[in-house]
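Novice: Take a look at the letters that make up each chain.
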Amino acid sequence: MNVLKSFLQITWKSTSGRISLIIFGLCFVLAIVGPHIAPYGPNERCYDVNEKLLRLASPSWDHWLGTTVLGRDILSQMLWGARTAMLVGLLTALGTVVIGLNFGLIAGYFGGRIDAILMRITDILLGLPFLPFIIVLLSLTDRNIWTIILAMMFVMWRSTARIVRAEVMSLRQRQFIAAARTTGASDSDILYREIAPNIMPLAVTSITFALAWAIITEASIGFLGFGDPDVVSWGSILYDAYASQMMYRAPWWVFPPGIAIMILVTSVYFIGRAYEEVINPRLQERM
Amino acid sequence: MIKVENLGKHYPLSRSLTDALRGREALTLRAVDGVEFAVSAGEVMGLIGESGCGKSTLARLFVGLEPPTTGDVYFGGDSAATLKERDRRAFHRRVQMVFQDPYGSLNPQHKIGDIVMRPMIYQRAKLSPSEMQENAVSALEEAGLSPASDYLDKFPHQLSGGQRQRVCIARAIVLQPELLVADEPISMLDVSIKWGIIQLLKKLVKDRNLAMVYITHDLSSAASVCDRLSVMYLGQIVESGPTLELINNPQHPYTKALLASTPTIDPDIAREPAQIKGAIPNAANMPKGCRFHPRCPVAQPVCAETAPTVRRYGDHLASCLNAFVDQGSVKSAEVAR
Amino acid sequence: MSTFWFRRLWQAVLTLFTMLTLMFFLFRMLPGDPTATVISPALYPKAQEILRMQFGLDKPLWEQYFVYVKNLSVLDFGLSFHTGRPVADEIGSRLLNTVLLVFPSLITAYALGSIVGAIVGWSRGSKTETILVFLSTALQSAPVFWLSMLSILYFSIQLDLFPIGHIVSPGKFPDENWRMYFSADFLHHLALPFLVNTLYQFCFPFLLMRSSILATIGEDYVELARMKGLSERAILYRHAMRNSLLPLATTLPMTLGWAVAGSVVIETVFSWPGLGLLMVEAVGRSDYPVVQAAFLLIAVLTVAGTLIADLLYTLLDPRIVNE
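Chains as they are written, first to last, in my numbering: chain A, 1 to 287; chain B, 288 to 624; chain C, 625 to 947.
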């Protein structure tokens, strides 16, 4: 799509953007091929030459990142976890922004009752603490990847909607909207063909921030033990480390997941910032 | 033939609680109040007025952006209201607008080719993409952007002001409208560009036999484009007539003042100083009687009481009781309708 | 002035009301036995029956709602499934513990962040600036629970400077009374979570203040102040910072929401007995009344904090009140 292409072009220009794109791209690739190149299964117990369970082995040639207290290879877990982080992060971010975008477009354009209701809801639920609410939701439902994604989307979309709505409200006064109407454009024509292209930069920035938040939140959920029990995530690795009470003897267990999250989220932030730095002045100039 | 009859647009203003309790009626802002005129195909009617006189609102009424509170616009014999009800899109095909701000009226995210093709897309025209492109190209060429292929893939911010306005004009004519409404089309352009756009508009009117309403506050450009002129003040037409007649023989005090204050290049031409006092009053709070009387240099006590009737002399109308008083012949002071 | 506050308070009340209504419906919409979240399924069926009637669970929904709201207004949160005792007994101290953890560090973080951000932003291009900016962005990207774990690993285990967790050394204050909060032992236990939280929360106001000051530098009134002969420091503190504080104040409510949410994981790592940890433990035990109560109190904290943030904002920018 045009938007994706211009997004990549813009972000590629700055050094920080370029490095971040490469890092993110690597993670993306790892997310896809990780489970296939992982030397062991994520829950596979590893034994040494003497058929003894390799508990808490420090990093070695066989196990680059060592093993957990149950003898599981940490590197493999990290590779499997990459897929979870990417999948959950991207799906949540995309879903959040798509929903928020549409709500913002419709509320901002039509105004009146629809807008009033939406703003009322958003304002009232302003005090809703995100993570605790997600935990409450998860306590009532099954714990699998999809409910986690849905719970996060449910909490997140309102922020995007507010930003988009504000932007739409200022856009709809512009003369080119009136011009479009005089040529016979219908409301949906104007919303999706005239206004939406002008909102795209905002939507893209929203996606990056939503992505960063989703990755950290998913890790937090995993860390608290509320993640999908069938799925390995970087957060759940830390949960295992902490719950085993053995983490103090195995720093190699604690470092990798956090570092990975830090690198991934930093790259997302820098990508977002690189894009915004170019888009914002351009928007000002065109206005 | 496009006829405007008793066109009005009133905006109700909210009133404070105290006013409501005191039984005061809510004020209405009569942006356009009882406007009437007619434009034929191939004719340009100029609408002159200062800011706030309601001419932009009038433009929006013509083009169907807002429904009138009173009256209607008639295309041939058909009223705009019925046309819109029957087929909104078909109505929009008949009248198009060129806006004042060439940059603001173009979507910055769309290419020029897109912009000129969009009207056809929005009209759900049954044309193939190549046919649409052909139409767009010929519209652009007619608007003076040649070769059009150079412009198709450019964005608005890559063009100059004059070029942008030509794009707007191309967009306005691509649907082959009957009536073109030009709302201050050159006021935001550089002086050197203005003339070119005016010539373009004149050419289009002639070539396509368009009817055009040319709205401006600048008398000099109106004089070179328009066949007939109407002068607007506070939502009403105070004088109208053939351009030359109106300029050489203005009858309404407001018109006289406007003419007097128009700069002329020749410093030797002596001009009477404009004699209007004061500023435009609040449009929500209209003066009683003749709306111009508080500022009129020749106002009489009766002007504050009753609104003046429209007087005519041939094709020339003016709503002032002093109009045509010194015309001398029997035909003068004929009260219109 | 008063209309603004009236509206604001009304909004806060409405928020809380919506939230408790939301909780009411959420907990009763479970597939299966809707009362499983109100009466412990661990009790004997006969006992469940009695409790069911006592709680009015056989009555129509709206009546139940009425009872629910009535109970909440007298701070009756029901009985814990786990201990069988009233939830309200334990939750008071938990609330206090969370407040003591979240608010001091948030305030410190914002104060430090603004000042450092202002200084760094004012004196552009220094090495310190680049390092700090990079560190802040990196620190913001790391999950705060991981930072907590690392800090325990290093400061508590390696250096043995701080205790590993909990609020006081076990056994020291068997009654857990208020005296505990004034002891050195308490401060010793508070130190590490306070430090981690402050460091983590520092990043956002720091970065925001810095970019805000950068934007202000070019403004006309700064030039004017310079021409008047004011010292750089005076300009910074008296003029530039005042205006740059506004964006920070606007974001304070949002940050507060994050901070309260973040306390959930911090409390878990440090075994700090606050609302967050309570909620997490309760979810693990399917102790729904406790989950509900903990969540509601967290929400109350967030809303109260938002109101205070708004108060600060009106002090900074009087325009908004006269709207």
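No lab work stands behind these hints: they were computed from the structure.
Glycine residues also receive a C-beta, built at the ideal position from the N, C-alpha and C atoms.
Heads up, a few of these hints could be off.
Listed next, with one range per pair, are the computed distances between beta-carbon atoms [unchecked claim]:
id : chain 1 : residue 1 : chain 2 : residue 2 : range
1  : C       : ILE739    : A       : TRP12     : 34 to 42 angstroms
2  : A       : LEU4      : B       : ALA377    : 50 to 58 angstroms
3  : C       : ARG748    : B       : PRO354    : 50 to 58 angstroms
4  : B       : SER425    : A       : LEU8      : 31 to 39 angstroms
5  : A       : MET246    : C       : GLY716    : 55 to 63 angstroms
6  : C       : ALA666    : A       : ALA243    : 34 to 42 angstroms
Novice: Could you run down the list of hints and mark each one as holding or not?
Specialist: Cross-check of the supplied hints:
Distance hint for ILE739(C) and TRP12(A): a CB-CB separation of about 37 angstroms, consistent with the stated range 34 to 42 angstroms. For the pair LEU4(A) and ALA377(B), the supplied restraint of 50 to 58 angstroms is violated, since their beta-carbon distance comes to about 38 angstroms. As the Cβ distance of ARG748(C) to PRO354(B) is approximately 56 angstroms, the hint placing it in 50 to 58 angstroms holds. For the pair SER425(B) and LEU8(A), the supplied restraint of 31 to 39 angstroms holds, since their beta-carbon distance comes to about 37 angstroms.
Judged by the Cβ atoms, the range 55 to 63 angstroms given for MET246(A) and GLY716(C) is violated: they are separated by roughly 35 angstroms. As the Cβ distance of ALA666(C) to ALA243(A) is approximately 24 angstroms, the hint placing it in 34 to 42 angstroms is violated.
Hints 2, 5 and 6 from the earlier list are contradicted by this structure; the remaining hints agree with it.
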